[in-house]
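Asks: Position chain B with the ligands relative to chain A; hints supplied.
So the sequences go chain by chain: A and B. Mapping to this note's numbering: the first sequence position 11 is 11, numbers consecutive. Quick note: to get this note's numbering, add 1000 to the position in the second sequence (first position is 1).
These are calculated hints, taken from the structure and not from any lab test. Cβ atoms here follow ideal geometry from the backbone N, Cα and C, with glycine treated the same way. Do not rely on the hints blindly, as some may be mistaken.
Simulated restraints on C-beta separations [stated by the list, open to error]:
hint : chain 1 : residue 1 : chain 2 : residue 2 : range
1    : B       : Ser1107   : A       : Asn20     : 58 to 64 Å
2    : A       : Asn141    : B       : Arg1260   : 17 to 23 Å
3    : A       : Lys5      : B       : Met1169   : 27 to 33 Å
4    : A       : Asn26     : B       : Phe1109   : 46 to 52 Å
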Amino acid sequence: MIEFKNVGLVYPNGTEGLKNINVKINDGEFVVIVGLSGAGKSTFIRSINRLVTPTSGTLLVDNEDILQYRGKKLRELRTKIGMIFQNYNLVKRSNVLKNVLAGRLGHTGTLRSIFGMYKKEDIALAYESLKRVNIADKIYNRADELSGGQQQRVSIARVLTQKPSYILADEPVASLDPPTSHQVMTYLKKINKEDNITTIVNLHFIDMAMEYADRIIGMRAGEIVFDGPASEVNEKTFEQIYGRTIREDDLRGEAEKVEQP
Amino acid sequence: MNTQTLPPKPKVSIWKKIKRALIVLIIIAIYVWTFVGIEIEWDRALERISRNFGVVIPKLLSPDWSQLGKVSASMLETIFIAFAGTFMAAILALPLGFLAAQNMSGSKFIAGIGKWILSAIRAFPNLILAILFVVAVGVNAFAGVLAIAIGSIGMLGKLYSEVVESIDMKIVEAMEATGANKIQILFYGYLPQIIPEFLSYAIYRFEIDIRASSILGLVGAGGIGTMILFAANNREWNEMGLILLAIIIVVTVIDFFSARIRRKIV
Ligand SMILES: Nc1ncnc2c1ncn2[C@@H]1O[C@H](COP(=O)(O)OP(=O)(O)OP(=O)(O)O)[C@@H](O)[C@H]1O
Ligand SMILES: [Mg+2]
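Okay, chain A solo, but in the shape it has when bound (with noise of 0.2 Å):
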């Protein structure tokens, strides 16, 4: 479970990402993240596993205050925690495999990590991950041999094999076309699904949202504004947190034709 106790975040350039947020994530649920660019959305995910860290407040995960974290303790919640990425942020000239198996280097000892010497468990465990997001034929190509759909189904399969309870992940999608978009959200969903992993997901797309989410939690200048299940949620309510009306471009879009995985 994750728990933001009036957390607030300034930046040094006196810019407030986050103000008094207050919120419980249950485990297992899947959460999306709306709000206009700047809302705070990035800024809220990583706080989760301190790729930034709030200045006021407390952020409980598992019922620890995560906030305190440094060393050896960060790290430990790091790997249970694994990112997705806009851009994928693969190691373009390394393998699929290579990049998977970094997923495992939190529970990897340096020595055997430096010398590639994996344990037989973890790169059955990088296979398997990548046969789950369909991918396995490409296990010994370069990364950046691969297309950007690809490459996102890649990198969750990196954070398949981390073996994490939650996964974050920041607009995983902004960079690919409407059929791979939806391919990659049903990935994450079935995830979620399978494996009961709590995940949250910032996006811009409100069809998106709508179709994958179990609850939305509107965002505007720092702060939430709507939190609610998807079911409740319609047009009116994102012109609400956009504060102005929908327009085409905030629209995904419907895939033709999903690939099926």
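Replies: What follows is chain B with the ligands alone, placed relative to chain A:
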């Protein structure tokens, strides 16, 4: 009817035209001035050239194979000088490269100092360095190795620093997010991004250094340059032919393999 039209020509302002014309005029003036100034005795020069060409060129083209052993040994020494020099430079340039990279040294000022040191080193031509080291360590191949090493550090350090500055920090962040420790991040986040390019630049520099080290012998710093010097002084044009042939072959072969290897690793 064909209604296609070409795009309008870019407009060139009168000023630009005048500027261009001026530049052309100035260049012509400099050439005329130079040739008038040096007072070549054209008839004598032409005569000498035609006489020498008649003698030298045929000899260059019929290399003296009896010297093959000596020339090969000397060429090998040249290759070793280049290799040892580049190798030293490739390692010594590492700290300087990181120092001169702004994202690593953390301050514009320190990076500026690093960059300044590197350009200062680059300012010395190889031959000058070779003369300095011959004076310092004596007339031998080690002077050549040092000259090559110092000469290469400047360029390699600068190229390294550019590679380091282009490191994608998002990949590093992704590693941090998996809970990897600092050493693991170094091996999985930084090194894969920089090692291939470092290697590629070092190999490229080796190519350059092969050429550089073949003339170091002119000032006594070892390698095939010494033979060039003697052959020229003694007018041994057949031997010179073999030396040139050896250099051409070695440089070509090394360029070829260097290009292939570099394409593979990057
Ligand atoms: N490192 C930083 N330093 C200073 N200010 C920052 C930093 N990162 C973000 N901000 C500011 O904090 C606010 C929230 O940014 P954040 O990146 O969380 O927004 P977002 O909702 O993710 O936007 P987007 O949809 O564009 O990604 C913005 O005003 C942004 O300019
Ligand atoms: Mg963002």
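Asks: Run every hint past the structure and note whether it holds.
Replies: Okay, the hints, checked on the actual structure:
1. B:Ser1107 - A:Asn20: 58 to 64 Å: Given about 36 Å between the Cβ atoms, the range is violated.
2. A:Asn141 - B:Arg1260: 17 to 23 Å: Cβ of Asn141 of chain A to Cβ of Arg1260 of chain B: about 21 Å, so the range 17 to 23 Å holds.
3. A:Lys5 - B:Met1169: 27 to 33 Å: 31 Å, holds
4. A:Asn26 - B:Phe1109: 46 to 52 Å: Cβ of Asn26 of chain A to Cβ of Phe1109 of chain B: about 50 Å, so the range 46 to 52 Å holds.
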